[in-house]
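**Student:** Chains as they are written, first to last, in my numbering: chain B, 1 to 74; chain W, 75 to 148; chain U, 149 to 222; chain L, 223 to 296; chain H, 297 to 370; chain P, 371 to 444; chain Y, 445 to 518.
Please note that the accuracy of each hint is not assured.
If the Cβ cut is set under 10 Å, some of the chain W residues that face chain U in the computed set are [as the list claims (entries may be wrong)]:
id	residue
1	Ile-93
2	Lys-100
3	Ala-108
4	Gly-139
5	Thr-141
Honestly, the hints are just simulated from the structure, not real lab data. We treat Cβ as the ideally placed atom computed from N, Cα and C, and that holds for glycine.
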Amino acid sequence: MDATRPLDALNAARNKKVIVETKSQKQFIGTLKAFDIHINIVLDDAEEREAGEVKRKLGTVFMRGDTIILISPA
Amino acid sequence: MDATRPLDALNAARNKKVIVETKSQKQFIGTLKAFDIHINIVLDDAEEREAGEVKRKLGTVFMRGDTIILISPA
Amino acid sequence: MDATRPLDALNAARNKKVIVETKSQKQFIGTLKAFDIHINIVLDDAEEREAGEVKRKLGTVFMRGDTIILISPA
Amino acid sequence: MDATRPLDALNAARNKKVIVETKSQKQFIGTLKAFDIHINIVLDDAEEREAGEVKRKLGTVFMRGDTIILISPA
Amino acid sequence: MDATRPLDALNAARNKKVIVETKSQKQFIGTLKAFDIHINIVLDDAEEREAGEVKRKLGTVFMRGDTIILISPA
Amino acid sequence: MDATRPLDALNAARNKKVIVETKSQKQFIGTLKAFDIHINIVLDDAEEREAGEVKRKLGTVFMRGDTIILISPA
Amino acid sequence: MDATRPLDALNAARNKKVIVETKSQKQFIGTLKAFDIHINIVLDDAEEREAGEVKRKLGTVFMRGDTIILISPA
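For reference, chain B alone in the conformation it holds in the complex (with noise of 0.2 Å):
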């Protein structure tokens, strides 16, 4: 991800490859496919993760901009 804004890196980011942490203390990793100025996203091929596990496969997910806390290539 190289940025001057952030959602720049959001951009460089696109078609790769990302883990997601949430609010609710969860994550996900999955291929940023869209995002927005509010952070809403979706993910491809979405998992759940934890403790380094897959808890459960989602394929495709939408998620909310305001439950996430960060976005960062897997």
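Chain B is already provided as a structure; the job is to place chains W, U, L, H, P and Y on it using the hints.
**Tutor:** Below, chains W, U, L, H, P and Y alone, put in the same frame as chain B:
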């Protein structure tokens, strides 16, 4: 769900079965009938589930967007 | 409730009996008399219920939208 | 309270006794003197109650809207 | 406090002693010197109280509106 | 701090030592260098304190406004 | 960091090492690459720390502003 913007993904899921998870740690499954930019949604034939079991049937349900963590095809 | 936009579903429920659940884990049942874009609502003949039992009768009640998780026909 | 829009119901309750419940699980009873679109309100002759008993008398009180869950005629 | 709009009541309380209660369950008493539409306020000669006892003296204090539950003449 | 509007009080405190308390129940002391309408602030020579003792020295610190409960001259 | 407005302080910290603390009580250290008015930020070479120890390495990370309590030069 195909998406260049996150709401495109919700649009692709319209009239399809989705899982909705809330900040109150609840899981709902139903047919996505409507959504708006606040991620307020309407589900048809909605059920609340707990640990994979149907907890109750709700029929049609309006859910306020700011309570939603994620929406994913069922 | 029929809906292309979420508020259409609330409109279809006007003057009908609805269940309202709040972030404070409470359940109210009453006739939906009014709502606005913030999902502020007014119920008539409202009751608070707990585990299916009437806990108290409230008559008319104004509920602030940001406290609401879901609204569903009773 | 008669309402086509939720704030109409508050208007109909002006100068009448109302119960106000807050997110902090408190209950106040007083005469509704004023409100605005944020649901900031002013009560006159307000009392805080707990389990039906008067806990303290507050006289006039300004309450910030985002703390309020519901307002109902007493 | 006389009020047709809620902020009128705050205006009537300006330069008078008020009790302020916060979402963090704290109580402050002081002279209301200023407020704005966000209910940010400034108190002079402010004290924090606990169970009716002075816990500490704060002098002048700026309080952010979104932390405030209620403001009432002392 | 002299104030007709709340932000005037912050302006009067600029370059002076202030106590800042946060929703996370922390207390910071430092010189108020900057603030904006969101009550985002910058402190210089900032320290975090616990029960009156210095817990750590932070130097310059940017604090996001929505985490702040109160700001008071030290 | 030199500041007449709070964001000036963040601008002065760009490309420098900063500590970021979140509402979820976590601490991240990394190089501040980007920020916006919502205090969304991007860190490079980011690490999460716990009690002064590196808990995990994250590389580049986008953090949503509303999760952030403070940002301070490391």
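**Student:** Next step is simple, just say for each hint if it's right about the structure.
**Tutor:** Quick rundown of the hints versus the structure:
1. Annotation: W/Ile-93 was flagged as interfacial toward chain U, and the flag is violated, the nearest CB pair being 15 Å apart, outside 10 Å.
2. For W/Lys-100, the suggested interface contact is upheld, since its CB lies about 8 Å from the closest CB of chain U, less than 10 Å.
3. Interface restraint check: W/Ala-108 against chain U, minimum CB-CB distance 4 Å, threshold 10 Å, status holds.
4. Hint status for W/Gly-139: holds, given a least beta-carbon distance of 8 Å to chain U, under 10 Å.
5. The restraint placing W/Thr-141 at the interface with chain U holds, with a minimum CB-CB distance near 5 Å, inside the 10 Å limit.
When each numbered hint is compared with the structure, a violation occurs for hint 1 only.
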